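Chain by chain, the residues:
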Amino acid sequence: MPLNDDTIFEIAHHYRFQWEPAQQLHVLLYPEGMVQLPGSSGEILKRVNGAARVGEIVADLERAFPGADLRGDVIEFLENAHGKGWIRTKQG
Amino acid sequence: MEKAGFEQSKVNLPLWLLAEVSYRCPLHCVYCYNPIDYASYGEEMSTEDWLRVLRQGRELGATQLGFSGGEPLMRSDLEILVAEARRLGYYSNLITSGVGLDERRIAAFKEGGLDHIQVSFQDSTREMNDFLSSTRTFDLKQKVARLVKKYDYPMVLNVVLHKLNIDHVQQILEMAEQLEAEYVELANTQYYGWAWLNRDKLLPSRDQLQRAEEITNNFRQHAANRMKIYFVVPDYYETRPKPCMSGWGAVFLCITADGVALPCHSARMLPGLNFPSVRDHDLRWIWHDSPAFNTYRGDAWMKEPCRSCPEKVKDYGGCRCQAYLMTGDAANADPVCDKSPLHGLVTDAVERAAKRERDSAKPQVKRAADALLFRDDANSLRLADANKQPSA
Chain A
1 MPLNDDTIFE IAHHYRFQWE PAQQLHVLLY PEGMVQLPGS SGEILKRVNG AARVGEIVAD
61 LERAFPGADL RGDVIEFLEN AHGKGWIRTK QG
Chain B
93 MEKAGFEQSK VNLPLWLLAE VSYRCPLHCV YCYNPIDYAS YGEEMSTEDW LRVLRQGREL
153 GATQLGFSGG EPLMRSDLEI LVAEARRLGY YSNLITSGVG LDERRIAAFK EGGLDHIQVS
213 FQDSTREMND FLSSTRTFDL KQKVARLVKK YDYPMVLNVV LHKLNIDHVQ QILEMAEQLE
273 AEYVELANTQ YYGWAWLNRD KLLPSRDQLQ RAEEITNNFR QHAANRMKIY FVVPDYYETR
333 PKPCMSGWGA VFLCITADGV ALPCHSARML PGLNFPSVRD HDLRWIWHDS PAFNTYRGDA
393 WMKEPCRSCP EKVKDYGGCR CQAYLMTGDA ANADPVCDKS PLHGLVTDAV ERAAKRERDS
453 AKPQVKRAAD ALLFRDDANS LRLADANKQP SA
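Going line by line, the protein sequences match chains A and B. Residues 1 to 92, numbered by this note's numbering, are exactly what the first sequence covers, in order. Residues 93 to 484, numbered by this note's numbering, are exactly what the second sequence covers, in order.
It is worth saying that the hints were derived from the structure and are not from the lab. All clues given are correct.
Here are the simulated DSSO-like cross-link-like pairs (lysine-lysine), alpha carbons at most 27 Å apart as the crow flies: (1) B:K241 with A:K84; (2) A:K90 with B:K202; (3) A:K90 with B:K242; (4) A:K84 with B:K334.
What you are looking at is a predicted structure, and each value in this text was computed from that prediction instead of being measured.
Turn these sequences into a full structure, and let the hints steer you where they fit.
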């Protein structure tokens with residue numbers, strides 16, 4: 001799919017993203033299963049909220065983790081997450 | 093084959109909590125995995141008991157919560173439990189036959205934060221459905237499926253397959269499509285509890301199974317983006333056992349209607365294991381420290397051929413309950429494995445299934461009904477009584 005800095009994603013319908021204290025990581029819950037999202041994957045998805053543009057997410061992560069060039073990793077993760085149906089583009 | 097489940101799971105936490113809140117059930121399915129002596133168990137737990145279990149489970153790290161039974165809708169306090177589950181952060185699932193689900197209740201579940209609902213259908217034809225569930229509920233289920241959609245739930249349809257309905261897979265899938273199911277689980281019967289008693293009448297032949305899989309694969313292509321279809325093969329047709337529950341005491345924790353904690357749905361009938369009750373112990377002790385949950389945890393308990401088998405890390409020796417039911421010793425290899433010296437017990441059952449198909453071109457519903465044992469209180473009490481007498 002065409003993904004650019006202005007694309008806005010949200011967590012897919014019927015999925016729930018949350019922090020799990022017992023596992024010390026973020027998870028994505030859906031019917032019959034769970035995806036564990038340790039470290040950076042959780043940090044990225046935490047910023048997917050139906051409002052932030054991809055460019056803003058990258059900038060925010062680069063502020064939170066200075067010194068790293070994260071753009072490529074973030075784009076790759078979001079494309080992958082979209083392909084798996086975890087997130088969807090926000091319409092309108 | 094695609095498979096639901098947990099991805100990347102490494103930690104030893106009871107990520108999946110199953111609350112079998114009631115053994116009461118308006119249906120009388122011949123393939124039910126519930127214990128055959130359920131009617132002889134003690135009283136159902138109180139609302140307070142269940143709220144405590146939910147809190148302790150969440151503290152232990154449980155994320156997925158299933159409300160099951162019996163029929164969970166038989167509990168009039170289910171709305172309270174659902175709301176507490178959401179407040180605690182569970183992703184909760186109501187596993188129901190649909191009997192007892194009306195608009196008032198589903199609205200309350202939605203309001204309380206129930207995440208999804210799995211409706212089980214016995215078959216797509218009224219005759220077969222009513223016969224197999226021993227009630228007249230098919231119209232109701234269609235209504236329930238529509239309610240599920242109306243309240244914006246992802247719809248998970250579950251159909252238990254066996255010899256008497258597996259030839260209807262095409263119609264079942266068409267029905268699922270009409271009802272706009274997002275997930276369809278075609279789960280072949282697993283032979284525990286009542287299904288074990290009825291096994292020889294329920295196990296499909298290899299031909300039946302292959303036809304059903306072919307139809308399912310074709311349908312998958314047809315419905316690719318709309319419907320996710322899971323097809324669970326009966327493990328009797330495999331040569332390696334299923335990694336049952338991902339291992340004993342690894343991710344799955346089941347609490348029964350009367351408060352007994354189990355590492356799987358059917359472990360209660362295993363002899364010599366004193367399964368703890370949540371009425372006497374907290375879940376943390378039960379999960380981590382109780383002798384019963386540690387009996388078959390890891391691989392120290394294994395005998396040959398499992399002990400030296402490189403695949404033991406993949407399948408954990410298979411299913412303890414199946415090993416016990418078929419070989420008489422829960423520590424034996426699951427006889428589904430063709431490395432088991434007792435694998436012949438499985439191939440014998442499969443051969444009998446093929447022979448039955450040759451003997452009768454079409455399964456005769458009426459004739460089969462004479463021999464099938466339905467899950468109901470009277471049968472259960474009779475079986476419980478018989479089990480107490482050593483001669484029986």
